[in-house]
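First residue of the sequence shown? That's 11 in our numbering, and the numbers climb one at a time after it.
Some clues are possibly wrong.
[Unchecked claim] List of simulated lysine-lysine pairs, DSS-like, C-alpha gap at most 25 Å:
| no. | residue 1 | residue 2 |
| --- | --- | --- |
| 1 | 78 | 126 |
| 2 | 78 | 53 |
| 3 | 126 | 159 |
| 4 | 281 | 315 |
| 5 | 181 | 159 |
Calculated from the structure, these hints are not laboratory results. Keep in mind the model is a prediction, meaning the values are calculated, not measured.
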Amino acid sequence: MRKALKLATALNVILLLGAGYSSAFAAELKVVSSFSIIEDFAKNVGGDKISLINLVGPNGDSHVYEPKPSDAAALAGADVVLVNGLGFEGFLPRLVEASGTKATIVELTKGVEPLKAQDEEEGHAEAGGEHHDHGAFDPHAFQSIHNAKIYVQNIVDAFCNADKTNCDTYKKNGADYTKKLDLTEVEVKAGIAAIPESKRLIITSHDAFGYFENAYGLKFLAPEGLSTDSEPSAADVVALIKQVKEDKASAIFVENITNPRLIEQIASETKLNVGGTLFSDALSEPAEGAGTYVDMMHHNISAFKKAILGS
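Whole structure, please, built from the sequences with the hints as guidance.
Structure, rendered in structure tokens:
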């Protein structure tokens with residue numbers, strides 16, 4: 011009887027230890043993010059509860075990205091795939107098909123009020139007449155912090171749907187990060203308020219800042235449209251240079267994802283000094299000062315103020 015009792019006790023201990031072991035070493039949620047800004051959002055929500063693979067890395071251009079075989083393998087093994095949507099990742103449909111993934115594909119622009127492409131390409135079109143059609147809407151919604159918070163909530167919902175065990179953690183992480191975004195938006199608005207309205211016209215490489223313009227009151231012109239997949243014609247560039255001179259642009263910037271040659275040409279023709287590098291469609295490497303979304307916003311605001319105000 012005593013032996014039977016000891017055996018039962020031992021079995022219970024083993025079962026309890028086994029349960030604890032499986033809980034402690036539960037499989038992480040396997041997540042793929044399409045590009046570096048979404049990767050940063052996913053890290054902030056998922057923390058150590060997810061295993062994360064990102065496709066288009068720091069300083070990478072999602073508009074012209076060519077997928078690798080390892081990308082298809084990553085999608086095939088994923089539980090959740092986080093993408094921007096609105097046609098931002100042109101490579102994505104064929105990659106999803108090639109991978110045969112069964113993962114949930116989550117478009118993070120769900121719930122965002124999209125800006126019409128023709129409205130956002132207006133400055134580009136006026137400068138040169140023609141522009142390439144990259145869809146009905148501007149996909150760069152993440153350039154508004156209000157929209158970034160929608161992305162974050164969509165990630166929380168996706169992670170909770172796929173991993174109910176850790177849902178409370180995802181919700182808490184999402185709420186904490188949203189507070190950080192709220193503070194960042196206050197700082198961005200204060201930075202813009204310091205720039206006189208007469209000095210708020212800025213030239214960038216491509217039309218990536220329409221949502222930033224709509225939210226915060228700067229005005230942007232660019233020689234390239236919503237995508238970087240084709241260069242503007244010589245007539246486009248000449249017309250833009252004329253418009254820049256007439257409208258008295260205050261600053262001109264290159265972007266981290268584009269070749270600076272065209273912007274340097276426009277700067278030379280308009281006698282504007284290139285104000286530095288803006289981070290538009292991708293974060294930087296950590297050492298370059300814009301390795302997170304919050305750092306990217308801080309960097310860009312500082313660059314605007316320094317170029318326009320000298321501070």
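Against the structure, the hints come out as follows:
Restraint check for residue 78 and residue 126: the C-alpha separation of about 32 Å exceeds 25 Å, so the hint is violated. With a CA separation close to 23 Å, the supplied pair residue 78 and residue 53 stays within the 25 Å bound. At roughly 20 Å between alpha-carbon atoms, residue 126 and residue 159 fall within 25 Å of each other, so this suggested pair holds. Using a Cα cut-off of 25 Å, the hinted pair residue 281 and residue 315 holds, with the two alpha carbons roughly 19 Å apart.
Taking the CA atoms of residue 181 and residue 159, the gap is about 13 Å. The hint holds against a cut of 25 Å.
Violated hints amount to a single one, hint 1; each of the other numbered hints is respected by the structure.
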